[in-house]
Amino acid sequence: MRRLALGLAVCVAAVSALALPADRVDARPQNNGQQRNNGQQNDGQRAKAELTFVGVTIVDGLGGAGTSGTVSIEGGRIRMRTGGGRRVDVEGAYLAPGFIEANGRTGYVSNAAEVTREMTANVDVADLVDTRSSEFREAAFEGCTTVVMVPGTENLVGGLTQAYHAWGPDERAFPIEGAPKDLTVTMGNSPSRQTVRNFPPRRPRVPPSTSIYARRPTTRMGVVWMLRQSFLAAKGVQPPPDDADLTHYREVLDGKRQLRIQARALQDLNGAMRLADEAGFDFVAEGAEEGYMLRSELGKRGLTVIAGPLPSVTSGSGPDATETALRNARILRDAGCRVVLTAGVGGGRWLREQGMFATRYGFSRDEALAALTSIPADLCGLKDRGRITEGAAADVVLWSGHPMLPTSRILLVVVDGHVVLDRTAPG
Amino acid sequence: MKTLRFPWVVLALAAVAVITVAPTASRAADGEYVIQAGTVVTIDGDILTEGGSVFVSGGRIEDVQPGYVNPWGATVQKHETAWLMPGLVEAHSQGGLWRGTNERAPDTPFVSVLDGLDPLNDYFTDLLRDGVTTVFVVPGDQTLLGGQGMVIKPVGRTAEEMIVRRDAGLKIALAPRRGTSRMAQLAELRRALTLARGAEALEVTSDPDDPARSARQVAMSALLEGRLPAVMTCVAPVDVVNAFAIMDEFGLTGFIRLGSKSRRALPLLAERGVPCILPDDIEPLETDAETGKSERRYLAAECKAAGVPVVIQANEASGYGMRSLWYQAAVAVSQGLTRAEALRAVSLAPARVLGVEDRVGSITKGKDANLVLWSGDPLDPASHVDLAWIEGDAVYDRTKDRKLVRLLDGVAGSRPAEGR
Numbered sequence: 001m002r003r004l005a006l007g008l009a010v011c012v013a014a015v016s017a018l019a020l021p022a023d024r025v026d027a028r029p030q031n032n033g034q035q036r037n038n039g040q041q042n043d044g045q046r047a048k049a050e051l052t053f054v055g056v057t058i059v060d061g062l063g064g065a066g067t068s069g070t071v072s073i074e075g076g077r078i079r080m081r082t083g084g085g086r087r088v089d090v091e092g093a094y095l096a097p098g099f100i101e102a103n104g105r106t107g108y109v110s111n112a113a114e115v116t117r118e119m120t121a122n123v124d125v126a127d128l129v130d131t132r133s134s135e136f137r138e139a140a141f142e143g144c145t146t147v148v149m150v151p152g153t154e155n156l157v158g159g160l161t162q163a164y165h166a167w168g169p170d171e172r173a174f175p176i177e178g179a180p181k182d183l184t185v186t187m188g189n190s191p192s193r194q195t196v197r198n199f200p201p202r203r204p205r206v207p208p209s210t211s212i213y214a215r216r217p218t219t220r221m222g223v224v225w226m227l228r229q230s231f232l233a234a235k236g237v238q239p240p241p242d243d244a245d246l247t248h249y250r251e252v253l254d255g256k257r258q259l260r261i262q263a264r265a266l267q268d269l270n271g272a273m274r275l276a277d278e279a280g281f282d283f284v285a286e287g288a289e290e291g292y293m294l295r296s297e298l299g300k301r302g303l304t305v306i307a308g309p310l311p312s313v314t315s316g317s318g319p320d321a322t323e324t325a326l327r328n329a330r331i332l333r334d335a336g337c338r339v340v341l342t343a344g345v346g347g348g349r350w351l352r353e354q355g356m357f358a359t360r361y362g363f364s365r366d367e368a369l370a371a372l373t374s375i376p377a378d379l380c381g382l383k384d385r386g387r388i389t390e391g392a393a394a395d396v397v398l399w400s401g402h403p404m405l406p407t408s409r410i411l412l413v414v415v416d417g418h419v420v421l422d423r424t425a426p427g
Numbered sequence: 001m002k003t004l005r006f007p008w009v010v011l012a013l014a015a016v017a018v019i020t021v022a023p024t025a026s027r028a029a030d031g032e033y034v035i036q037a038g039t040v041v042t043i044d045g046d047i048l049t050e051g052g053s054v055f056v057s058g059g060r061i062e063d064v065q066p067g068y069v070n071p072w073g074a075t076v077q078k079h080e081t082a083w084l085m086p087g088l089v090e091a092h093s094q095g096g097l098w099r100g101t102n103e104r105a106p107d108t109p110f111v112s113v114l115d116g117l118d119p120l121n122d123y124f125t126d127l128l129r130d131g132v133t134t135v136f137v138v139p140g141d142q143t144l145l146g147g148q149g150m151v152i153k154p155v156g157r158t159a160e161e162m163i164v165r166r167d168a169g170l171k172i173a174l175a176p177r178r179g180t181s182r183m184a185q186l187a188e189l190r191r192a193l194t195l196a197r198g199a200e201a202l203e204v205t206s207d208p209d210d211p212a213r214s215a216r217q218v219a220m221s222a223l224l225e226g227r228l229p230a231v232m233t234c235v236a237p238v239d240v241v242n243a244f245a246i247m248d249e250f251g252l253t254g255f256i257r258l259g260s261k262s263r264r265a266l267p268l269l270a271e272r273g274v275p276c277i278l279p280d281d282i283e284p285l286e287t288d289a290e291t292g293k294s295e296r297r298y299l300a301a302e303c304k305a306a307g308v309p310v311v312i313q314a315n316e317a318s319g320y321g322m323r324s325l326w327y328q329a330a331v332a333v334s335q336g337l338t339r340a341e342a343l344r345a346v347s348l349a350p351a352r353v354l355g356v357e358d359r360v361g362s363i364t365k366g367k368d369a370n371l372v373l374w375s376g377d378p379l380d381p382a383s384h385v386d387l388a389w390i391e392g393d394a395v396y397d398r399t400k401d402r403k404l405v406r407l408l409d410g411v412a413g414s415r416p417a418e419g420r
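Heads up: the protein sequence lines correspond to chains A and B, in order.
Going letter by letter, the first sequence gives residues 1 to 427 in this note's numbering.
Going letter by letter, the second sequence gives residues 1 to 420 in this note's numbering.
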């Protein structure tokens with residue numbers, strides 16, 4: 001009976017592998033995760049709000065200190081002058097860009113990694129995300145206006161990312177048109193752990209969806225070896241592995257697609273740097289909890305690091321049992337890295353907390369704000385977001401005080417020109 | 001040259017001796033000193049923003065005055081940019097208990113955290129790092145009559161040395177345990193209380209200290225006579241209604257620990273005047289039964305609006321400052337409490353509920369010298385606890401906190417070069 005189930009699972013896997021034609025991904029940018037909304041009006045095209053924030057302290061998200069002024073919003077854009085529309089005049093209020101969660105890991109509808117194969121560069125997280133998830137709403141209501149969703153970490157190569165406006169007038173998140181899609185890789189324990197846990201299939205009760213059969217890799221060595229194979233094949237140095245589509249690897253090598261590597265422990269960061277040098281690609285490090293141990297190597301490369309979230313215990317936390325340091329982000333920034341903060345699996349709702357605690361562990365308030373706004377925006381190719389400048393996209397949040405102080409309250413949230421939360425009305 | 005060195009050493013030793021002996025010749029010998037800080041938050045009076053001076057003598061606060069003054073003629077330490085606060089009071093915690101906080105048997109009023117406390121637990125140093133100098137450690141919420149909690153200070157070699165108030169409360173869980181109904185839970189509680197009331201007459205002696213009395217009866221009699229407050233944990237609003245009924249039927253005194261779903265009972269608590277401790281998550285998500293949408297609730301604000309004194313505990317999921325007591329107070333400010341109200345909710349208000357306001361919770365003449373010096377505004381995450389005193393003794397110094405160095409800078413932090 002068990003053998004029959006296994007055989008069935010093999011068939012299913014084979015069929016699903018065949019059902020992923022290589023050219024599918026090329027059609028993705030046009031689709032942009034909109035299948036669910038087919039036949040409906042796109043949220044982004046709705047009439048946008050006109051507002052003028054009078055006499056606010058502007059914290060621009062670029063790291064500068066607050067300046068007092070008036071900002072208006074028209075046609076989904078920021079204007080650094082008095083405009084029309086409703087006047088919002090709250091004494092002592094701060095206007096800040098909406099936060100950007102560059103490493104969104106909530107709002108999935110089911111398993112986040114396509115674990116039937118080790119390397120699934122062609123799968124797209126947009127097919128997985130439940131845009132109606134209340135976690136997006138929660139994120140927006142806590143000031144996080146953009147979430148860049150990433151595939152799960154139980155695969156060696158997870159797939160492609162998708163950027164979302166956290167919430168919109170139709171009560172759901174909606175994709176950001178034209179936002180670049182990064183390729184995600186996970187090093188360390190997570191991809192191999194899944195394999196080891198489920199192979200050999202000793203326990204009959206393990207659901208077959210995650211326990212197909214001999215999935216590689218089973219060690220960190222295997223993780224690096226498989227990645228090396230793919231990139232060397234993409235360069236044409238080695239023959240390609242069976243049925244591999246190397247399009248995205250080639251795009252990474254050509255500098256046309258950004259590569260994110262989750263590497264939390266010291267040896268994984270070292271492994272990622274070694275691979276990058278061998279194959280000749282650039283990457284963004286995600287996690288990097290033990291990055292402080294390699295500060296000069298990471299700093300020399302001017303590496304971008306998506307750091308966090310802060311651990312609740314600093315020794316042996318997470319699947320890689322990393323030895324973290326609370327000042328890791330500050331240490332890496334001082335060494336020359338570009339640091340973006342993330343709340344990780346906590347979701348966008350907790351992003352502000354990560355920023356506030358960055359001020360406890362070495363960042364100034366405005367530096368912490370920049371690590372939640374303009375810096376992740378630049379990382380994710382959203383150059384007109386995460387800042388309050390003339391002509392930037394209208395992702396703004398009004399606060400009762402500085403957004404990096406826990407005593408401040410959120411008063412109004414504008415996502416891409418739409419007011420999604422308003423607590424300024426009397427009563 | 002060698003012969004010259006000897007007298008120099010003697011001279012140096014003599015100088016050191018004079019320097020160390022000199023202050024002890026003054027009043028400092030009696031444990032008297034003055035702490036001056038740029039901002040002093042007394043909690044029960046005005047915030048002294050132009051500097052304040054606190055005179056400590058014999059482990060107690062002898063006097064508080066605005067400005068940098070020293071009419072008492074004692075040794076002074078001055079911290080002009082720092083904030084001086086009373087040590088915060090943690091209203092409800094299971095921290096520092098070694099292995100397990102719930103008895104499996106449902107009816108264990110005789111157990112006490114005294115026997116489970118691990119004085120060397122890291123929890124206690126973490127409390128000092130977060131400015132907490134008093135904590136109510138109490139058994140968990142899974143046992144009908146769960147045992148006795150104590151108000152303690154986070155320093156001491158033994159549990160006895162840590163005690164501030166021994167009979168601080170008996171944990172009673174009103175929400176049903178797994179596998180039982182609310183009706184059965186209440187019936188069981190009534191039965192235990194009725195038996196204890198009846199057994200009082202049958203006891204061999206009425207002297208509470210007589211060893212011939214059963215441990216159960218000692219605890220239950222203390223509860224029934226009001227010497228041991230009932231700490232009644234309520235999950236649903238109905239549990240609060242039931243708690244009042246039990247208190248009336250058996251003449252119990254005590255307070256309520258609210259669960260996140262029992263916020264609707266706040267008006268009942270206001271009406272009745274029974275104090276309560278808010279749930280650890282003061283911003284819980286609540287799903288609307290009709291729309292199915294989750295809404296965030298702001299419990300400190302609701303508590304204030306209902307007219308119930310706000311008492312906040314740390315979030316149990318806290319780590320290294322996150323959602324610890326000062327952070328919770330800051331969140332309460334974002335909900336609409338004034339800064340004074342929020343700070344009171346983590347100091348004097350819990351001290352009052354726990355019956356230790358005569359000793360802790362504010363910088364007031366005659367109270368224990370439990371003082372915490374913050375590097376800045378305690379509600380700003382960028383501020384740290386620099387120094388702490390409990391009953392006048394210096395118990396924490398950030399410059400000597402070696403564990404903190406490791407937490408901040410990691411395993412490589414203590415090494416001269418980068419670790420590889």
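If you're looking for bench data, these hints aren't it; they were derived computationally from the structure.
Glycine is no exception: its CB is placed at the ideal position from the N, C-alpha and C atoms.
Honestly, I wouldn't trust all of these hints.
As the list claims (entries may be wrong) - One-sided excerpt, in silico: chain A residues whose CB lies under 7 Å from chain B:
id	residue
1	S134
2	E177
3	W225
4	R228
5	M273
6	Y292
7	R330
8	T389
9	G391
10	P406
11	S408
12	R409
13	L411
Said to hold, decoys possible - Below, a list of computed lysine to aspartate or glutamate pairs in the EDC-like style, where the Cα atoms sit at most 16 Å apart:
id	chain 1	residue 1	chain 2	residue 2
14	A	K383	A	E353
15	B	K367	B	D44
16	B	K293	A	D277
17	B	K367	B	D401
18	A	K235	A	D170
19	B	K293	A	D282
Said to hold, decoys possible - If you want the ones that stay clear, here's a sample from chain A, every Cβ over 12 Å from chain B, calculated:
id	residue
20	R77
21	R81
22	E135
23	P311
24	A325
25	N328
26	G355
Hints versus structure:
At about 5 Å, the closest approach between the beta carbon of A/S134 and any beta carbon in chain B falls short of 7 Å, and the interface hint on this residue holds. The criterion of a C-beta within 7 Å of any C-beta in chain B is not met by A/E177, whose closest approach is roughly 28 Å, and the hint is violated. For the restraint placing A/W225 at the interface with chain B, the shortest Cβ-Cβ distance is roughly 23 Å, beyond the 7 Å limit, so the hint is violated. Interface hint at A/R228: violated, since its Cβ lies 22 Å from the closest Cβ of chain B, which is beyond the 7 Å cut-off.
For A/M273, the interface hint is violated, the least distance from its beta-carbon to any beta-carbon of chain B being 13 Å, above 7 Å. Interface hint at A/Y292: satisfied, since its Cβ lies 5 Å from the closest Cβ of chain B, which is below the 7 Å cut-off. For A/R330, the interface hint is violated, since its Cβ never comes within 7 Å of a Cβ in chain B; the closest pair sits about 9 Å apart. The closest approach between the C-beta of A/T389 and any C-beta of chain B is roughly 27 Å, which is over the 7 Å cut-off, so the hint fails.
A least Cβ separation of about 32 Å between A/G391 and chain B goes past the 7 Å threshold, and the interface hint is therefore violated. A hinted interface residue such as A/P406 counts as satisfied when its beta carbon comes closer than 7 Å to some beta carbon of chain B; here the least separation is about 4 Å, so the hint holds. The beta carbon of A/S408 is positioned within 7 Å of a beta carbon in chain B (closest approach about 6 Å), and the interface hint is therefore held. Given the 7 Å rule on beta carbons, the hint for A/R409 holds: about 4 Å separates it from the nearest Cβ of chain B.
Of the supplied interface hints, the one on A/L411 is violated, with its beta-carbon coming no nearer than about 11 Å to a beta-carbon of chain B, more than 7 Å. For the proposed pair A/K383 and A/E353, the alpha carbon gap of about 24 Å is over 16 Å, so the pair is violated. Between the alpha carbons of B/K367 and B/D44 the distance comes to roughly 12 Å, so the proposed pair stays at or under 16 Å and holds. Taken as a hint, the B/K293 and A/D277 pair is broken in the structure, with Cα atoms around 50 Å apart against an allowance of 16 Å.
Taken as a hint, the B/K367 and B/D401 pair is broken in the structure, with Cα atoms around 27 Å apart against an allowance of 16 Å. Restraint check for A/K235 and A/D170: the C-alpha separation of about 45 Å exceeds 16 Å, so the hint is violated. The straight-line distance between the Cα atoms of B/K293 and A/D282 is roughly 43 Å, outside the 16 Å bound, and the hint therefore fails. Consistency note on A/R77: stated as away from chain B, and its beta-carbon is indeed over 12 Å from all of that chain's, at 30 Å minimum.
With a minimum CB-CB distance of about 30 Å to chain B, A/R81 clears the 12 Å threshold, and the non-interface call stands. At roughly 10 Å from the closest C-beta of chain B, the C-beta of A/E135 falls inside 12 Å, breaking its exclusion from the interface. Here A/P311 does not stay apart from chain B, with its beta-carbon only about 7 Å from theirs, under the 12 Å limit. Interface exclusion of A/A325 from chain B breaks down, the closest Cβ pair being 3 Å apart, not more than 12 Å.
The claim that A/N328 is not at the interface with chain B is violated, since a C-beta of that chain comes within 12 Å of its own (minimum 7 Å). In this structure A/G355 is not separated from chain B by more than 12 Å, as the shortest Cβ-Cβ distance comes to only about 9 Å.
The structure does not agree with the numbered hints 2, 3, 4, 5, 7, 8, 9, 13, 14, 16, 17, 18, 19, 22, 23, 24, 25 and 26 stated previously, though it agrees with the rest.
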